[in-house]
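Here the protein sequences line up with chains X and L, keeping their order.
Counting from 20, one number per residue, gives the positions in the first sequence under the working numbering.
Counting from 67, one number per residue, gives the positions in the second sequence under the working numbering.
Hints were generated in silico from the structure; no laboratory data involved.
A quick note: this is a predicted structure, and the numbers were derived from the prediction, not measured.
A virtual CB, placed ideally from N, CA and C, is assigned to each residue, including glycine.
A couple of the hints might just be wrong.
Unchecked claim - No more than 27 Å apart at the CA atoms, straight line, and that leaves these computed lysine-lysine pairs for BS3-like:
no.	chain 1	residue 1	chain 2	residue 2
1	X	Lys270	X	Lys111
2	L	Lys322	X	Lys207
3	L	Lys161	X	Lys207
4	X	Lys111	L	Lys139
Said to hold, decoys possible - Label-pair restraints from in silico Cβ distances:
no.	chain 1	residue 1	chain 2	residue 2	range
5	L	Thr154	X	Tyr153	22 to 30 Å
6	L	Val211	X	Leu32	42 to 50 Å
7	L	Leu315	X	Tyr30	44 to 52 Å
8	L	Ala300	X	Ala152	19 to 27 Å
9	X	Arg45	L	Ala307	50 to 58 Å
10	L	Leu214	X	Val161	55 to 63 Å
11	L	Arg75	X	Ala61	30 to 38 Å
12	X	Leu32	L	Thr154	53 to 61 Å
13	L	Thr154	X	Tyr30	45 to 53 Å
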Amino acid sequence: MLTLGEYIRLYFLIEAQYIKGQMQYRADFLISSVGMFFSSLATLSIFVVLFNSIPDLAGWSLMEMVFIYAFYMIAISPMQILFDAVWFLRYKIQSGEFVKYYFRPMNIMFYFMSERFDLKGLTQLAAGIALLAYSSIRLGLVWPVGKVLILILAVFSASLVLISIAVMAGSSAFWVVNSYPVLALAWKVREFAPYPITIFDGIFRFAFTFILPIGFIAFYPAQFFLRPAEISPLFYLAPLIGIGLFALTYKVWDLGVNSWTGTGS
Amino acid sequence: MRGYFAFLRGAMLVGVVYRLGFLFTILGNIVYMIIAYFLWRSIYAGKEILNGLTFDQALLYIALGSTIFILLKTYTDWGMAEEIRSGTISVYLTKPIDYQLYNLFSTIGFASTSILTVTLPTIFMLFFVFRIPFVLGAGYLFFPVSLLLAFIINFNMDYAIGLSAFYTESIWGISTTKEIIVSVLSGALLPLQFFPAAVQQVLMVLPFQAMFFTPLMMVTKPDQNAGVFLQMLAVQALWAAVTYVASRLLYNQAIKVLRVAGG
């Protein structure tokens with residue numbers, strides 16, 4: 020087994036090679052970074068246009084929605100930047116190329132995920148941080164050190180939920196090969212994470228809290244900073260949900276890795 | 067012409083192989099519609115009418131919009147980029163076939179499977195499960211033609227995006243950017259009536275509204291004068307022609323830079 024230090028050193032080595040390879044597609048990289056930025060602005064522009072017609076959404080103001088969305092953008096960045104490889108698992112399974120990961124003396128998930136590093140995700144992260152700062156100022160929020168630490172922990176937990184959903188959806192490739200529809204489904208549902216979970220009632224609020232936990236991606240954590248008085252006790256469960264879900268995802272991945280029998284080629 | 071139908075059939079058969087994919091697509095669309103239902107319910111929150119649309123009309127617009135989005139997402143540009151990057155495009159270029167027509171027919175083949183497995187079941191569900199009231203009107207008769215024109219405009223744009231792979235080899239950026247611009251400016255995510263009046267005027271002279279807003283309005287407000295619908299169709303036809311000519315011209319330029327190694 021490798022030590023943590025060795026893994027970190029390896030990560031940088033693999034990443035450096037990947038970025039060199041990507042530099043072949045320089046024009047695409049530049050357009051992608053701009054595209055990523057516009058993509059973040061798209062949802063925001065929909066909010067702004069929508070709030071022209073309505074004073075609030077389920078009691079939440081435009082600026083509060085911007086804050087929730089900014090939190091979401093930051094939380095999704097680690098998945099975008101570090102786990103982008105899930106989208107390509109199906110090709111490696113289909114072609115049989117995935118077999119190479121079994122022959123390296125290191126963790127398979129680590130090696131597979133480290134082979135891609137999505138630089139354009141950094142634009143999204145930067146835009147998210149800028150928006151969070153802007154909406155905090157407009158809302159008059161104050162950030163003592165304790166609250167900043169809670170913010171970091173909250174982002175970490177939400178990121179784990181997002182990473183878990185994506186990796187679990189991508190892992191379906193081990194069984195169904197073409198995991199694209201499953202990934203596309205997960206991707207579509209996650210787009211609704213920045214909306215207040217309070218718009219749902221009954222069974223659906225329960226489902227989006229516990230079964231497809233999109234409420235933990237942005238709404239429950241953002242509520243803590245925006246309206247601490249209304250906070251749901253569920254917020255304190257977020258780190259547990261994040262870590263628990265990731266552990267479960269790792270089990271599913273491991274099961275897939277162990278049950279995959281190759282393509283025979 | 068018969069040769070091109072073989073491409074159509076081929077693409078349909080490929081679609082049938084990935085049956086499981088359609089199942090997940092339908093499932094995803096159902097989840098989307100449930101979320102959209104709750105979201106729009108809280109947007110209306112007791113209001114009868116917003117920007118000239120009732121809640122039922124807005125919900126029909128949004129849900130059908132997401133269904134048409136799936137129908138128009140045919141991955142033509144991705145397929146072309148892969149053919150250009152790997153060089154398999156030379157197989158088609160050396161045969162006496164037109165590359166754009168070949169792509170059009172494959173795309174129609176792909177989409178016709180999707181109409182049967184995703185579009186029609188969703189429309190059925192909207193009226194029978196979500197119980198959106200059915201308003202009788204001429205709009206339904208014009209809708210299929212409008213959808214076909216939207217499909218052609220969308221195809222021409224995708225084709226042009228695919229051609230850009232001649233220059234950049236990878237098209238993630240330009241394809242994603244196009245998709246976002248289209249989804250916001252075409253009214254696919256939000257009816258154009260919700261935009262400020264000045265913005266609406268600009269959006270109405272762009273080609274994007276012809277892809278979503280026009281066909282969706284035919285179903286959302288079907289009880290209008292036939293003249294109104296004919297005028298809408300004329301605008302769509304004009305955009306279909308303009309995008310077709312533009313994509314042809316782009317092809318003539320792009321083909322000059324193609325270099326396929328070996329083969």
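Cross-check of the supplied hints:
Between the alpha carbons of Lys270(X) and Lys111(X) the distance comes to roughly 20 Å, so the proposed pair stays at or under 27 Å and holds. A threshold of 27 Å between alpha carbons decides the hint, and for Lys322(L) with Lys207(X) the separation of about 39 Å lies outside it, so the pair is violated. Annotation: proposed proximity of Lys161(L) to Lys207(X) is violated, straight-line Cα distance about 40 Å (limit 27 Å). A C-alpha spacing of about 24 Å is found between Lys111(X) and Lys139(L), which places the hinted pair at or below 27 Å, so the restraint holds.
With their beta carbons about 48 Å apart, Thr154(L) and Tyr153(X) fall outside the hinted range of 22 to 30 Å. The hinted window of 42 to 50 Å between Val211(L) and Leu32(X) is violated, with their beta carbons roughly 58 Å apart. Between Leu315(L) and Tyr30(X) the CB atoms are about 47 Å apart, so this pair conforms to the stated range of 44 to 52 Å. Distance hint check for Ala300(L) and Ala152(X): the Cβ-Cβ separation is about 49 Å, which falls outside the suggested range of 19 to 27 Å.
Checked against the given bound of 50 to 58 Å, the beta carbons of Arg45(X) and Ala307(L), roughly 35 Å apart, lie outside it. For Leu214(L) paired with Val161(X), a C-beta distance near 57 Å keeps the hint of 55 to 63 Å intact. Hint check: Arg75(L) to Ala61(X), Cβ distance near 37 Å, so the stated range 30 to 38 Å holds. Taking 53 to 61 Å as the suggested C-beta distance range, the pair Leu32(X) and Thr154(L) does not conform, at roughly 33 Å.
Distance hint check for Thr154(L) and Tyr30(X): the Cβ-Cβ separation is about 35 Å, which falls outside the suggested range of 45 to 53 Å.
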